[in-house]
Amino acid sequence: MPTVFNWQINREMEYPYEAALPERQFSAVFDLNKCIGCQTCTFSCKGGWTSGRGQEYMFWNNVETKPYGFYPMAWDARLLDMLGPQTWDGDTYTGKTIFEAAPPGRAALGFLPDEEDWAYPNIGEDEPNGIVSDGAYLQIPHPVWHFYLPRICNHCQFPACLAACPRKAIYKRPEDGIVLVDQQRCRGYRECMRACPYKKIMYNPVTRVSEKCIGCFPRVENGQQTLCVANCIGRIRMNGWIHTPDTADPENPVDFLVHVRKVALPLYPQFGLQMNIYYIPPVHVPPRYLRQMLGPGVERAIETYRQVHDDPDLLGVLVLSGATDRWINKFLVRDGQAIGFDESGAEIVRVPLKEPAFIRAFHDAERGVFRHNIT
Amino acid sequence: MRTAGSMRIRVVAIAALIALVLTVRGHTLSAQQPQYVVGYSANPVPTDPLSTAWDSVPAIEVPLIPQAGVTPALLTPSIASVTVQAIHDDAHIAFRMVWADPTRDVEAGRPDVFRDAAAIQFPVAAGVPSICMGAAGQISNIWHWKADWQEDIDAGFQDITRLYPHFFKDYYPFVEGEPPYSFPDDFSQPDARAYSPGWAVGNALSQPMREWPIENLIASGFGTLTTHEQAAIEGRGVWENGTWSVVFIRELTPAAADLATFQEAGELATAFAVWNGSNEEVGARKQLSSFVTFGIEAPPVTPDEPVGEAPASRDTTLIVVLALLGAFVVAITLATIVVGRNAPPAPRDGGTGA
Chain E
1 MPTVFNWQIN REMEYPYEAA LPERQFSAVF DLNKCIGCQT CTFSCKGGWT SGRGQEYMFW
61 NNVETKPYGF YPMAWDARLL DMLGPQTWDG DTYTGKTIFE AAPPGRAALG FLPDEEDWAY
121 PNIGEDEPNG IVSDGAYLQI PHPVWHFYLP RICNHCQFPA CLAACPRKAI YKRPEDGIVL
181 VDQQRCRGYR ECMRACPYKK IMYNPVTRVS EKCIGCFPRV ENGQQTLCVA NCIGRIRMNG
241 WIHTPDTADP ENPVDFLVHV RKVALPLYPQ FGLQMNIYYI PPVHVPPRYL RQMLGPGVER
301 AIETYRQVHD DPDLLGVLVL SGATDRWINK FLVRDGQAIG FDESGAEIVR VPLKEPAFIR
361 AFHDAERGVF RHNIT
Chain P
376 MRTAGSMRIR VVAIAALIAL VLTVRGHTLS AQQPQYVVGY SANPVPTDPL STAWDSVPAI
436 EVPLIPQAGV TPALLTPSIA SVTVQAIHDD AHIAFRMVWA DPTRDVEAGR PDVFRDAAAI
496 QFPVAAGVPS ICMGAAGQIS NIWHWKADWQ EDIDAGFQDI TRLYPHFFKD YYPFVEGEPP
556 YSFPDDFSQP DARAYSPGWA VGNALSQPMR EWPIENLIAS GFGTLTTHEQ AAIEGRGVWE
616 NGTWSVVFIR ELTPAAADLA TFQEAGELAT AFAVWNGSNE EVGARKQLSS FVTFGIEAPP
676 VTPDEPVGEA PASRDTTLIV VLALLGAFVV AITLATIVVG RNAPPAPRDG GTGA
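Here the protein sequences come in this chain order: E and P.
Okay, so the first sequence: first residue is 1 according to the numbering used here, each after it adds one.
Okay, so the second sequence: first residue is 376 according to the numbering used here, each after it adds one.
Pulled out of the complex, with its shape left as it was, chain P reads as follows (with noise of 0.2 Å):
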């Protein structure tokens, strides 16, 4: 049981955790630099994540720690760092994500299987928001990337008969067509539909056809992760030799004022998660990283005007990468600590009868 002193020490764990990460980032506000800034192209932004033009744009290795400061806490990593990479063409900015994974999970229809997934939180007011999806009245924008979503265009939905070839059952209610039937084709009449109850109410997850693999959310603190009607966030996913690389694409404009604004010029304090299906990591139990703020590069007045180079210097970004991984240490110190607090007594002394 989580006794009241393990539970004060994973507060003061989050605590010193958050105030390592506002250190960090105070450090960049005081250079006055952004960790990152989003470089103009005069071409379009390159949608396919495995696109050579991504070759010349900057990138900057983002370390990840588990998340460990609530239940369900994620007490066994299995990404450390995720390459970021941003651009944008004064009309739409891209986001690239690579991280190694060498499991590709794509299936999310058994029961016991998990999805990859990747996701950017930017702040949608002013201030710095938490870390943590946001607070009451800080509302952060979440894009998110999933594996089986990717997977569903890219190959077709998952069926009950895609997951189980041999998979056969005659009748179903108010159904259309023939066994072993079609979804979601044969279960389109409204009451075929209220069999599928998910999908009945309109729950973004339950959707069985989608255009893209990313879904616009938006949060205010833990457990409020909520979907966002407008505005798609259009992109994709590429699993190959054992990396993901995930392109994230949205109009520089947002759709609604709730949405993530990208002021040319101005900075966003964004942070990034990983989600590896293989071991078990959905939902909280995640690997995230702390905030890392990106500059937009305003475009060149005239055409002619060389496009300047990202103003984040080597040295600048070496030292928040470092604190960063010391951050990253020393939580995983205090995770450790409270893992032990926490730990049963191991030896068992009879059977389990009454």
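Chain E with its partners taken away, still in its complex shape (with noise of 0.2 Å):
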């Protein structure tokens, strides 16, 4: 079996082809810190891709509470069980991925969920980890805590559901790494929906095969963010082009994330599979629950997401987030602004870094009061 490098876990790994990196590579960074839960993702993304007969089970974009939501049921609690401990010795992953823990005649570990676990994508909504005792206090961070993990496909590096699929049903595109199902060619045998660890491709009942987050790839040939990135409210989602650290562009808004300032990290990068979807740690959880869940850069993570308000260039990525539904090749901070650049070089969207406000006194001399909102 050929070998390959990741760069998420550190060292080579086994995978069943060679390494064939794409021209450039799909990814975006979801800022945890601002998911509000409000699932405006999964609906934009629902209504345009998922409206047909027999998807009406398939959420390409959830979102799930944490810890305990789950799209399907404990889609990554049963995995992370049936892979064992997980151990790092610093940045390297020192445990078996799941191609390396595949049992006989599979190409990776897994499980296919049952038809149950698919229908209830809110359980454990808004559910805290544990009971607030007397005497609790706010503290950072939160001894009683929960956050929204919104999850869609990863078009990861080293896809399970390709390694998996005997048809050779599921490639990985060379011109955006986005990997698709070819709906001519599958045949049904959900040996993807097994192999997959995030467990984002669905069973269609009607056509009687399997269908995958397509990554909009037709608005992002045409230099547009996809749907959930692009209808967040909140503002949380950026795409970009996602470089290896040794290519890295720090005038790329998602390698500046993900390889400058590392605040970004990949989900449950023991997996194995160098996922491109990447997280900015929630700062009120504890480390010890996202060590789990997004590796070991954790806490350098939120100690620099913490000092954002000394970083303009930071600062200026995150407030580029969500500011344009056009894709953005390059940013650049300069006079309190920052600035979004496509592809051609030609600016697309300029944000200051600091939203202009008008202050007003506490006291309303006019009329005698006090006023509660002053911005």
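For the record, the hints were derived by calculation from the structure and aren't laboratory data.
Be a bit skeptical, because a hint or two may be false.
Some chain P residues near chain E, calculated using beta-carbon distances under 8 Å [to be verified]:
{"#": "1", "residue": "417"}
{"#": "2", "residue": "450"}
{"#": "3", "residue": "487"}
{"#": "4", "residue": "534"}
{"#": "5", "residue": "548"}
{"#": "6", "residue": "558"}
{"#": "7", "residue": "572"}
{"#": "8", "residue": "573"}
{"#": "9", "residue": "581"}
{"#": "10", "residue": "585"}
{"#": "11", "residue": "597"}
{"#": "12", "residue": "598"}
{"#": "13", "residue": "611"}
{"#": "14", "residue": "658"}
Cβ coordinates follow ideal geometry from the N, Cα and C atoms, glycine included.
Taking the hints as your guide, dock the two standalone chains into a single complex.
Shown next as structure tokens:
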């Protein structure tokens, strides 16, 4: 079996195919500190792509409440349990990836969710991790916490769905790294559903073949960000092209967040797929929980993120997030403004680092009252 | 992880299995007798899988082995053999496969449910194709019967409303009619059809309207299975008392050059496969046979002449069956070794925390 280098676990690993980097790689960064779980992303995707017969249960984009939300049921907890202890030595993963832990006769360690596992996309919604006891007060991280985890297909560099398909009906586009199921070649075997650790392949009961997030490729081909990114009212999301650490471009907003400031981290990097949606960890959640989910860079990411007020470049990228539906290839921070450029280098968006605000006096002398809201 | 060592064992296992299969086949060839001769019938071939006309057709018991040579593999087989019969009437050839399966799996709509299925593989070009769906340059023609297609034909398309009787959705883009709607009738506009991608692009698996439950396919190796546009395979499958009986019928003359050719007085190296949906068998996870050589009896010159008996002697059949059983045992043993080598270490010594 070929050996490939997975930078997210900082080591080589076995994978059924040779590494074939696309010309550029579809990616996005989701800031979990800003997600309010409104599901606007979910429904922009649903209305756009999965409103057909047989797609009713599908959420190519879903938002689940952690720690007790799952779609499908226990997708991550179950696989983490199957995988056993996942150990890191610094930035190097020393446990097994799902490819290395594959049982006999399978391409990857995984499970096929039961039908009912898909039936409760909102399970655990808004449930905190524990009970608030007497005398509790607000601390960082919070002793009692929850956070929202929005998820789409990760368009992985080493997709388990692609590895598991015996028909090569799943392919990774060389032009943008988007992973697609060929609707003509798929025969509905569901090996991909079993293998994808993120459970982002779904079986259509009417067409009897499998479907998945298409990375909004018709939009991406036209320089637009995806529906879930462009419609996010919390402005937590930003699309971009991601590079490997050695070829990172500091002017590229996603590279800047992932490789330069290292505030955005991969989801369950220990699975070994080198996934391409990155998450800024929520600062109020205990790092002990987040380390399992986002890897060993969690503390450093939180520390950097909390210093954003002294980091105009980082602030600049974050304010560009959700500021345009166009795809931002490069950014620049100058004179208190963050500027985004498209592929041709043309400016497409300009946002102030600090929103202009008029501050009124506390006391309204004319009416003799104090104001509740002064901005 | 599959180490290089265990992969070698797997390759050796496959090679040993193929060698045994070829040995068995060599034995039959050296005897210059096919294992089964498809007799001529003056009456049209029986189309009903339960017709009493099948009672007088000679049968051959074909042992099945689990497909464990490539990933994904079937490591827990559920069906040990299939009984095969065949007959022709000089215009059509009919095969009947009969096998025991206590579960009738005819649904394929739920994400965790798999259908029962059966297939016959014929070589198209001369020579011995791989039992594994042909090889590059050696096309195989495969007839694949599907229990869910059979159910669609017998009881109507298995729409969402049949899978989930209390299902209701009020709106679909470009749909016609009234909720909860009926598929495919209310979704026939091209714009509505675009929301069923498999159907829209013409995937044979996604077509809601079918005349026959058998797909005609060609393949030239693993992962190459492709629907053939021409020549429907007619037939029917019936489950009764824990047994599937499936009939496959096709015209003797192929409709295209890349389909199986049945030459009278000729011989075909044919293989069979069976899937048990309850055992999550789908795709490569199947039970398959090694080659069974079929001869085709020529029709008599004058209709008065008596129809000759099938020349496959009982003794030859017995030897072949015993040899195939031997191959089966060896394959299982080797598969067990592979499983043993690949078994993950049992104890876990901690939680899942990083």
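Of all the hints given earlier, name the ones this structure violates by number, lowest first. Of the numbered hints, 1, 10, 13 do not hold.
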